[in-house]
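2 protein chains.
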Amino acid sequence: MSKATNIVWHESEVTKQNRQQLKKQKSAVLWFTGLSGSGKSTITVALEKALYEQNVHTYRLDGDNVRHGLNQNLGFSPEDRTENIRRIGEVAKLMVDAGILTLTAFISPYEADRNQVRELLDEDEFIEVYVKASLAACENRDPKGLYKKARAGEIKGFTGIDAPYEEPSSPTITLDTDVLSVPEAVQTVITYLKDKGYF
Amino acid sequence: MSKATNIVWHESEVTKQNRQQLKKQKSAVLWFTGLSGSGKSTITVALEKALYEQNVHTYRLDGDNVRHGLNQNLGFSPEDRTENIRRIGEVAKLMVDAGILTLTAFISPYEADRNQVRELLDEDEFIEVYVKASLAACENRDPKGLYKKARAGEIKGFTGIDAPYEEPSSPTITLDTDVLSVPEAVQTVITYLKDKGYF
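Each protein sequence line maps, in turn, to chains H and V. Just so you know, the numbering used here puts the end of the first sequence at 200, numbered straight through with nothing missing. Just so you know, the numbering used here puts the end of the second sequence at 200, numbered straight through with nothing missing.
Hints were generated in silico from the structure; no laboratory data involved. Just so it is clear, the structure is predicted and the values come from calculations on it, not from any experiment. Some clues are possibly wrong.
Since the list gives no way to pick one copy over another, a pair counts as held whenever it fits inside one copy or between any two copies.
No farther apart than 27 Å at their CA atoms in a straight line, the calculated lysine-lysine pairs in the DSS-like style are these [unchecked claim]:
id: 1; residue 1: 25; residue 2: 50
id: 2; residue 1: 197; residue 2: 94
id: 3; residue 1: 17; residue 2: 145
id: 4; residue 1: 149; residue 2: 25
id: 5; residue 1: 157; residue 2: 24
id: 6; residue 1: 150; residue 2: 25
id: 7; residue 1: 27; residue 2: 94
id: 8; residue 1: 197; residue 2: 50
id: 9; residue 1: 27; residue 2: 17
id: 10; residue 1: 145; residue 2: 25
id: 11; residue 1: 195; residue 2: 24
id: 12; residue 1: 25; residue 2: 195
Produce the complete structure using the sequences and hints provided.
Structure follows, in structure tokens:
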């Protein structure tokens with residue numbers, strides 16, 4: 002700046018901690034993983050509402066706002082699935098840096114991909130939530146009719162049918178939706194967050 | 002959910018408007034564009050601090066947190082520059098949806114790329130800020146020594162030297178840093194935001 006040659010170059014002086022203080026919450030990513038139809042979307046939508054009612058600032062990343070936007074140039078090959086999760090992880094990291102409690106709802110079938118996201122963040126900033134349901138239960142629910150199409154061979158590489166789902170080896174939270182109702186699942190996560198002082 | 006077959010599927014019930022209300026601010030992206038050395042980073046860092054002091058929740062996207070993360074697999078070819086700006090635009094859109102006043106500081110030399118981002122957002126959500134400085138002034142400042150390297154041929158495709166910079170044809174705000182000091186530039190933007198009711 003012509004008038005400001007004596008101004009010292011400052012790195013960003015507003016930090017993640019500042020933004021968290023502004024909101025009186027600790028930011029992290031709640032990474033929901035599980036089969037299609039396991040309940041990831043339903044639970045994260047209900048959780049988002051419950052957190053909003055307690056003035057917690059959240060944001061939810063899911064197929065609707067990511068696959069049609071940032072990741073619209075990716076398909077479902079193993080390489081593209083990996084790049085899909087990598088980008089989501091990087092965006093989640095930015096959201097956490099912005100001070101937001103971030104909810105992600107993606108099948109994210111590969112443990113290596115999930116662990117790559119975990120590595121991006123501090124230990125208490127990555128909360129892996131395994132939405133566990135039997136394949137039979139998911140296929141029975143089949144909310145989008147996708148299992149039926151996969152069984153008919155109309156969709157190739159469908160997780161659980163002809164593509165693998167690698168269960169989390171040590172998830173932070175497991176929600177067994179063969180047993181838990183949606184409100185019970187939401188309460189389980191809320192209790193965890195409160196106990197750990199996230200808000 | 003096995004216990005919740007009577008639960009109606011809800012689309013996300015927490016909206017951008019809810020998140021804005023939570024923070025008593027309107028979200029948008031302040032898209033700073035200009036030559037290397039024009040003052041984008043310096044101004045956005047100072048602006049972020051000034052906004053924080055007024056309890057405005059912001060987030061700043063710049064080369065440091067984007068080029069080394071989300072866009073680490075992109076180079077500086079015209080195609081990669083376009084994909085770089087496309088991804089930044091999509092992330093900025095998510096940040097705006099999250100209720101955050103988002104500051105971006107990228108050269109973003111192509112008008113078509115900037116307009117593609119504009120198209121992603123509502124009219125009052127994309128505020129183009131042209132950080133205007135003569136090439137001579139930028140080259141004279143050369144805070145990172147990049148112009149010197151570009152003139153020596155050590156960097157190819159450097160904006161302003163051997164790659165084009167397309168000036169915004171109708172920026173929302175122009176900050177002429179050949180004339181304005183950093184505090185003056187910051188105040189210009191703050192005044193605009195207040196006048197338009199962003200906070």
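- Which of the stated hints cannot be reconciled with the structure, identified by number in ascending sequence? 4, 5, 6 and 10
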